[in-house]
Structure formats: C-alpha cells, structure tokens
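These are the residues of each chain, in order.
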Amino acid sequence: MKLARVTGTVTGTVKDIPFSAQKMLLVDIVDADGNVLEPAVVALDVCSAGTGDLVVVTMGSAARLPNQTSGIGTDATVIALVDELTVGGKSVYNAP
Amino acid sequence: MKLARVTGTVTGTVKDIPFSAQKMLLVDIVDADGNVLEPAVVALDVCSAGTGDLVVVTMGSAARLPNQTSGIGTDATVIALVDELTVGGKSVYNAP
Amino acid sequence: MKLARVTGTVTGTVKDIPFSAQKMLLVDIVDADGNVLEPAVVALDVCSAGTGDLVVVTMGSAARLPNQTSGIGTDATVIALVDELTVGGKSVYNAP
Amino acid sequence: MKLARVTGTVTGTVKDIPFSAQKMLLVDIVDADGNVLEPAVVALDVCSAGTGDLVVVTMGSAARLPNQTSGIGTDATVIALVDELTVGGKSVYNAP
Amino acid sequence: MKLARVTGTVTGTVKDIPFSAQKMLLVDIVDADGNVLEPAVVALDVCSAGTGDLVVVTMGSAARLPNQTSGIGTDATVIALVDELTVGGKSVYNAP
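Chains as they are written, first to last, in the numbering used here: chain R, 2 to 97; chain B, 2 to 97; chain C, 2 to 97; chain V, 2 to 97; chain Z, 2 to 97.
No lab work stands behind these hints: they were computed from the structure. Honestly, I wouldn't trust all of these hints.
Just so you know, same-sequence chains aren't split out, so a pair can sit in one copy or run between any two.
[Said to hold, decoys possible] In silico EDC-like pairs for lysine to aspartate or glutamate, Cα to Cα no more than 20 Å straight-line:
#  : residue 1 : residue 2
1  : K24       : E85
2  : K24       : D84
3  : K91       : D34
4  : K91       : D17
5  : K16       : D54
6  : K16       : D84
7  : K16       : D32
8  : K91       : D32
9  : K16       : E39
10 : K16       : E85
11 : K16       : D34
These numbers come from a predicted model, not from an experiment.
Please work from the sequences and hints to get the whole structure.
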C-alpha cells in the first residue's frame with residue numbers, strides 16, 4: 002500500500018453500473034514527510050475520507066477486496082485513515 | 002485509477018477474437034493540471050470517449066471488470082468521462 | 002496496453018512445459034513518435050509479429066487472456082499489430 | 002519481490018473488518034547496499050518484523066498468498082526476514 | 002517479462018510454509034546490452050539459475066503459473082535461462 006493525501010474529488014459520467022455508485026477521490030501518493038511521490042491517483046474509498054486527510058491506498062486487485070468495492074472495476078481504494086505514523090520509534094504524524 | 006487525456010486511436014490487426022471487436026484509444030496519463038505523467042497508453046473504452054476528452058482509466062485486472070470488457074485481454078480501460086475535478090475545494094476542471 | 006517496437010528475439014532454456022513452446026520477442030515500449038519509454042521487455046506473441054513491427058502489448062494477467070497464452074506464465078503478450086495511429090485527428094503512423 | 006528496510010509503523014482507522022486486525026509497517030524498498038529505491042511503502046507482515054529489519058516484501062496479489070493475509074486487501078506483505086545477502090559469491094549482509 | 006542478470010542469493014527466515022522451501026535469487030533487471038534498469042529484485046527460480054546467468058523473469062501473478070511456484074506468494078520468478086539474444090537480426094548475446 003502507499004501513503005496518500007486526499008486532494009480532491011472527481012465527478013464523472015460512468016456507464017458501468019456497479020462503478021457508478023462510487024465516489025472517486027483524487028489523491029497524491031506521498032512519503033512520511035508528505036512529499037509527493039506520484040500525483041493524481043483516482044481512488045475509491047471505504048473510509049469516508051475527506052480532502053486533506055492522510056490515508057493508506059491499496060492498489061491492484063487488492064482494491065477490490067473490501068466488501069464495498071467487491072466486483073467494481075477499481076485499481077485503487079482508500080483502505081485506512083492514518084491516525085499516527087511512527088518512524089524510527091518517533092511519532093512523526095498525528096491526525097488532527 | 003489515473004486521469005488521462007484521449008489523444009487518438011489505434012487501428013490494428015488483432016487475431017484474438019474477443020479483443021478484435023474493441024476500439025483502442027491512445028491516451029496520455031495526466032495530472033489535474035493536464036501535465037502528462039505517462040504518454041501513449043492504449044486503452045479500451047466503455048464510455049464512448051473521444052479525442053480530447055478527459056477520462057478516468059482503470060488498469061490491471063480492474064480493466065476487465067466492466068461487462069463490456071469481461072474476458073478480453075485488456076490491462077487498461079476508460080471507465081469514466083470526467084465532468085468536474087475539484088481540488089482543495091475549488092473546481093479546477095469542467096468538461097466543455 | 003502499450004505501444005511497442007519489436008527489436009529482436011530471445012532464445013532460452015525453459016523448464017516450465019507450457020511456456021517452452023512459445024516464441025519470446027524482445028520489444029521496446031514506445032510512444033506514438035517511436036521514442037523508447039521502456040527498453041527490453043520480453044513478450045509472447047499471438048500475432049506473428051516480426052522484428053521492426055509496431056505492436057500493442059498487453060501486460061499483467063491480461064497477457065494470459067488470449068487462448069494461445071492461457072495458463073502460460075507470461076506477463077506481456079503482443080495482442081495486436083498496429084496498422085494505423087491517429088493522433089489529434091491526423092494519421093501519424095501507417096504500417097508499411 | 003523487493004528488499005526493504007522497515008522504518009516504522011502506520012496506525013490507522015480501518016473500516017474493512019478483515020484488514021483491521023493487521024499491523025501495518027512502513028518500509029523503504031532498498032538495494033543490496035541499503036540505498037533507497039522507493040520510499041514509504043505500507044506493508045502487512047507475516048514475519049513479526051521490527052523497525053530496522055531488512056526484509057523481503059512481496060507485492061500485488063502475491064501479498065495475499067500467505068495464510069495470515071488471505072482474503073485481506075493488501076498489495077504488499079513482508080514475507081521473509083533477511084538473514085544473509087550474497088552478491089557475486091561474497092556475503093554482503095548478515096542480520097545482526 | 003524482463004531480462005535479468007542473477008547477482009546473488011537471499012537467505013531468510015520465512016514463516017509462510019509453502020514459500021519457505023524456495024531458493025531466493027537476487028537479480029538486476031537489465032537491457033539487451035546488460036545495462037541495469039532496476040536493481041535488486043528478489044525472484045524465485047524454476048530453472049536452476051546461478052550467479053552471473055542472464056535470465057528471463059516473469060512478474061506478478063504470472064510468477065505463480067509454473068507448477069513449482071503454484072500457490073506460493075512470489076511476484077517474480079526466473080522462467081528461462083537466456084541462450085541467445087538477437088536484436089535487429091544480429092546475435093548480440095550467447096550464453097557462455
């Protein structure tokens with residue numbers, strides 16, 4: 002999985018019915034310091050994440066393992082809201 | 002998934018029968034500002050996208066989850082036409 | 002999928018029986034202008050492609066969807082010979 | 002798979018029940034000399050790895066092959082603790 | 002698949018039983034001239050490859066298609082020993 006920062010939302014016209022009920026988030030993949038590693042990934046969400054949240058995104062077929070995204074054509078899903086990051090034994094991030 | 006701009010089409014000789022009925026689009030993976038992140042991805046399409054459209058492309062096995070691409074050897078499918086992008090609470094793109 | 006130029010062939014000793022009957026092509030992933038994006042991908046082939054041909058390569062589990070590669074441990078298969086590329090409404094490549 | 006150094010842990014709010022019982026590690030993908038190739042991968046763990054350990058991470062659907070992660074939406078799992086690396090016939094790393 | 006040069010071996014403590022019987026090779030992904038494209042991939046092996054060998058590595062779920070790696074959590078397996086590379090009709094590599 003990767004750390005990601007939710008930057009916004011994507012509204013679209015989706016003709017595939019199972020996919021169409023899902024909210025699409027725009028996220029940047031980041032490191033533990035918040036530096037952007039890969040911008041503009043579009044992810045589904047099973048955590049009710051909002052813009053600005055630091056999250057964990059799972060990719061590939063793993064994105065369809067949660068019940069809520071099962072059978073839906075997603076390759077990226079927000080699977081966790083980050084509460085705390087600990088690096089080298091020190092807390093480096095705490096959710097506001 | 003990734004944002005992508007449709008740049009053109011690929012016409013080819015395909016010997017695998019399920020694949021051969023599909024239209025292949027040429028797309029550039031882009032960020033929310035339209036900067037190209039990865040050029041020249043070939044994708045199938047379940048949204049009737051056209052050249053110039055901003056779309057969402059799903060990759061890997063997810064590309065075969067829509068009914069229209071089920072069982073077809075694609076690793077990239079246009080799953081949505083982007084109507085609006087919102088970044089940091091502001092609308093940064095609206096489909097023409 | 003990705004555009005690719007066939008550059009050569011790989012001859013090898015393969016102990017996995019289903020794989021061993023397959024011809025391995027060496028291809029460079031390219032953009033619509035022929036610039037190399039990723040060199041030296043080894044792909045199976047269901048299109049009888051030859052050195053110099055511009056082709057479409059499908060990757061990941063999609064590479065095993067064609068009948069000819071079903072059950073074979075490939076992660077890249079040439080699924081189409083490119084006849085024509087159209088970018089921005091203009092033809093930019095025609096197969097010789 | 003890739004070599005990785007465990008750098009820390011991620012604590013999060015996970016709403017997908019099978020995933021929620023798992024500990025998330027933060028790891029950097031490294032080469033045999035310890036140079037970071039890709040920072041900040043979030044991985045599950047079937048080896049009781051700790052911060053500072055050199056490990057092997059398996060990615061994609063392989064991350065769900067171990068019994069402990071079966072059916073859980075992970076795309077990266079620590080599958081081995083590295084005891085020794087041998088490069089060109091010489092031992093270049095031994096676990097402390 | 003990708004060309005790779007076997008550089009060494011990884012010895013580890015593996016708690017997942019099906020995986021634990023496997024030898025892990027350290028390989029560098031290379032191009033046809035031997036230039037390193039991606040260092041330090043850890044792969045299983047169904048070809049009895051040794052350090053220095055030029056091999057073909059298959060990645061993702063394809064790595065589990067050979068009988069010997071079926072059901073094992075690998076995302077990279079050496080599927081062939083390269084005997085000869087031919088580029089542009091000329092032989093550029095022959096196994097010693």
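Worksheet entry | Alpha-carbon proximity between K91 and D17, which holds within one copy, between copies, both or neither at 20 Å | neither (45 Å within a copy, 27 Å between copies)
Item to complete: Could you figure out if K91 and D32 sit no more than 20 Å apart (CA to CA) within one copy, between two copies, both or neither?
Response: Within one copy, since 16 Å is at most 20 Å while 25 Å is not.
Practice prompt. Could you place K16 and D34 in one of the four classes (within, between, both, neither) given a Cα distance threshold of 20 Å?
Written response: neither (38 Å within a copy, 25 Å between copies)
Worksheet entry | Up to 20 Å CA-CA - D84 versus K16, copy category | Classified as between: cross-chain Cα gap 13 Å, same-chain 35 Å, threshold 20 Å.
Fill in: Same-copy or cross-copy closeness of K24 to E85 [CA-CA at most 20 Å]
between (25 Å within a copy, 13 Å between copies)
Discussion item. Within, between, both or neither: how does the pair K91, D34 come out at a Cα-Cα threshold of 20 Å?
Written reply: within (13 Å within a copy, 25 Å between copies)
Item to complete: Indicate which option fits the pair K16, D54 if close means a Cα-Cα distance not exceeding 20 Å: within, between, both or neither.
Response: Classified as between; 15 Å across copies, 29 Å inside a copy.
Practice prompt. State whether the alpha carbon distance between K16 and D32 is at most 20 Å within one copy, between copies, both, or neither.
Written response: Intra 34 Å, inter 23 Å, cutoff 20 Å: neither.
Worksheet entry | Alpha-carbon proximity between K16 and E39, which holds within one copy, between copies, both or neither at 20 Å | This pair counts as neither: shortest intra-copy Cα distance 28 Å, inter-copy 25 Å.
Worksheet item: Between copies, within a copy, both or neither: which fits K24 and D84 at Cα up to 20 Å?
Response: between (22 Å within a copy, 13 Å between copies)
Item to complete: With 20 Å as the alpha-carbon cut-off, assign the pair K16 and E85 to within, between, both or neither.
Response: between (38 Å within a copy, 16 Å between copies)
Hints 4, 7, 9 and 11 from the earlier list are contradicted by this structure; the remaining hints agree with it.
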